[in-house]
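In order, the protein sequence lines correspond to chains S and Y. Counting in the working numbering, the first sequence runs from 103 upward without gaps. Counting in the working numbering, the second sequence runs from 50 upward without gaps.
Don't read these hints as lab results, they were simulated from the structure. Among the hints, erroneous ones may be present.
The following label-pair restraints were derived from C-beta to C-beta distances [claimed, not checked]:
#1 GLY241/Y <-> VAL163/S: 43 to 49 Å
#2 GLU89/Y <-> LEU322/S: 51 to 57 Å
#3 LYS171/Y <-> THR132/S: 48 to 54 Å
#4 GLY306/S <-> THR272/Y: 45 to 51 Å
#5 ALA302/S <-> GLU260/Y: 43 to 49 Å
#6 VAL163/S <-> GLU151/Y: 50 to 56 Å
#7 GLY215/Y <-> ALA302/S: 27 to 33 Å
Here are some chain S residues the structure puts well away from chain Y; computed CB gaps all over 10 Å [as the list claims (entries may be wrong)]:
#8 PHE159
#9 TYR259
#10 ASP270
#11 ILE359
#12 GLY367
Using N, Cα and C, we set each Cβ at its ideal position, and we do this for glycine too.
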Amino acid sequence: MTTTVHPRPIVASPSPPVPAARSHSDLQVTERRVIRSEWIKLRSVLSLRLGFLAAAFIAVVLAGIFASSGDGGGPKAAIDSLSLSLAGLRITQLIIGVLGVVVVSSEYSTGLIRSTLQSVRSRLSVLRAKSVVFATSTFVVVGIAACAAFFVGKATYGGIQPELGLSDPGVVRVLVGTVLYTVGVGLFGVALGFLLRGAAAAIGVLFATLLIVPALAGLLPWSWATSLTEVLPSNAGDAVMTLSPSSTLLSPTSGAIVVALWVVGLLVLAGVALRSRDA
Amino acid sequence: MVAIGRSGVPLLRTQYGKSLRLEDDTATTRVHNGLMIEVESLSKSYGSTIAVDGLTFTVRPGVVTGFLGPNGAGKSTTMRMILGLDRPSAGTATVNGRRLCEHRAPLAQMGALLEAQAVHPKRSARNHLRALAATNGIPDSRVDEVIELVGLEEVADRSSGGFSLGMGQRLGIASALLGDPETIMLDEPVNGLDPEGILWIRGLLKDLASEGRTVLVSSHLMTEMALVAERFVIIGKGRLIADVTSVELEAMASDDSVRVRTADATALRELLGTDGVEIASAVPNVLTVRGLTSDAIGMAASTARIALYELTPHQASLEEIFMELTHDAVQYRAGTHQGIAA
Ligand SMILES: Nc1ncnc2c1ncn2[C@@H]1O[C@H](COP(=O)(O)OP(=O)(O)OP(=O)(O)O)[C@@H](O)[C@H]1O
Ligand SMILES: [Mg+2]
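Isolated chain S, as found in the complex:
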């Protein structure tokens, strides 16, 4: 067997073009820094701030309006004073859901997502940071709005039903549940934004899931469909947000668990999609 000896290429002693001395020792991506970045993004767009403001404002204003003209007749008689005060938060939830979608879809529509993803070490850190920042902001804003709505409602209430105070059983639970469910809807929006990227598609799916599917599911003729209907996110949310859930709803605790499962499930799906798809 013959061995061919390849002449080694002649290489000058290692003297690469000297790179300018650039020190980057303190630069590093950390989870906290990605969160900070997302916080800057969220607060630096006026329309997003106005969106949060509108979401809070409508809850408070509607609480005042709904509670004020509370005479005995009509459908209002069947509603407790707490639900009346918090009814406006149904609209708040939709606004928050849309904002959650837009926070993500606007990055895709502008191409900013590519700059974002190439500056971090893990794509999932972007999903986590966006979720944390959006959930925290929503919790604070909607938390204040819900409390304000409750007290505005209390101040203007003039109905025949007994007026409910914070010390009455279930009231705090409903308040907290309403705020947390709203946070959940916002995270739904964020997850759908990552999954579908386009605002129109994501908002369409969000609204259909929250508004149309529950109504249609109730029309299904099969008995097992009832239990299916119970675990839809909006119905599970209703279980958390009503003082004494009817028999067609889950218990408040099960409702909270089901909503949490929906949110976590969608976020996990979004994470899988974000990691595996081309940006």
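Using the hints, position chain Y with the ligands against chain S.
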């Protein structure tokens, strides 16, 4: 296909699919010092479209490297894979020795501009840069620095939706420079810029390279690239066509010709018409001769006492060489396309 080069030495003409890789000009550039972009057998297909097909090349520091290819050649796709945005179907792309996302601070390793105006239109330029900088722990003072560097101080606090194309491009370059990166990659940075903006980018690219950074700039215009780049990576239909220096590229011209205007075209044609020499004539009494130097033609004509009125060597421009190299790889051609002028 063999043509005769200027020196009379047959040159291997590249054909689509066969890549031509000439030796490095200096030994030092061959030393692996880590600060480079390395693309290794990189492929990407979208469904049945093969956008990038087994691409291998290295971009070295210290010079501007032009990344050239006709529309749809796969330049942007390759850049997205280098940035870790698109997942390669096969092969690897590393920046300074690792995949970009494996670096502690990606922005310090690689600054890139993929498309202009990748900014939320309602967010100010300064906040946009701050948000990007924050991920890597880059201080706000650096944001102010890059804003000044690209000349956006006046408008930095206005929402970027109202920016002109040129301002958007500058903002994109500011974001690429945020981390004072070792490597810089720009996709068609001069698109839509006015002459002043183009001059500015040219100067900037050269400065960045002279600071020892690795600079890769894509374009489909050789005329533009010839002014800044010293190395060229030329691709077509996703494959490497050439990875050469500008000097090497010039030497690849295969259609160097000599224009001769003479009193007696017929006699001259007979005199010069031997093996390996190609003679064409579009205008009476004007011959285009390939395969002979102007010296040889002048000498032969003088010996044969044929009067010459004009004897002009024509050297192919880089643009013409580029067109020739990529001719087979051009996907979108106008119906009335004309070949390279003879
Ligand atoms: N996301 C995608 N989905 C499907 N096909 C794609 C995608 N991105 C690129 N392609 C296809 O891959 C090929 C290469 O495209 P690419 O944008 O990389 O070319 P390019 O060299 O940047 O062209 P140009 O000079 O026009 O910018 C094209 O045929 C394009 O249609
Ligand atoms: Mg392109």
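The hints, checked one at a time:
no.	hint	verdict
1	GLY241/Y <-> VAL163/S: 43 to 49 Å	holds, 47 Å
2	GLU89/Y <-> LEU322/S: 51 to 57 Å	holds, 56 Å
3	LYS171/Y <-> THR132/S: 48 to 54 Å	violated, 28 Å
4	GLY306/S <-> THR272/Y: 45 to 51 Å	holds, 47 Å
5	ALA302/S <-> GLU260/Y: 43 to 49 Å	holds, 46 Å
6	VAL163/S <-> GLU151/Y: 50 to 56 Å	holds, 52 Å
7	GLY215/Y <-> ALA302/S: 27 to 33 Å	holds, 31 Å
8	PHE159	holds, 20 Å
9	TYR259	holds, 40 Å
10	ASP270	holds, 44 Å
11	ILE359	holds, 34 Å
12	GLY367	holds, 24 Å
The structure does not agree with numbered hint 3 stated previously, though it agrees with all others.
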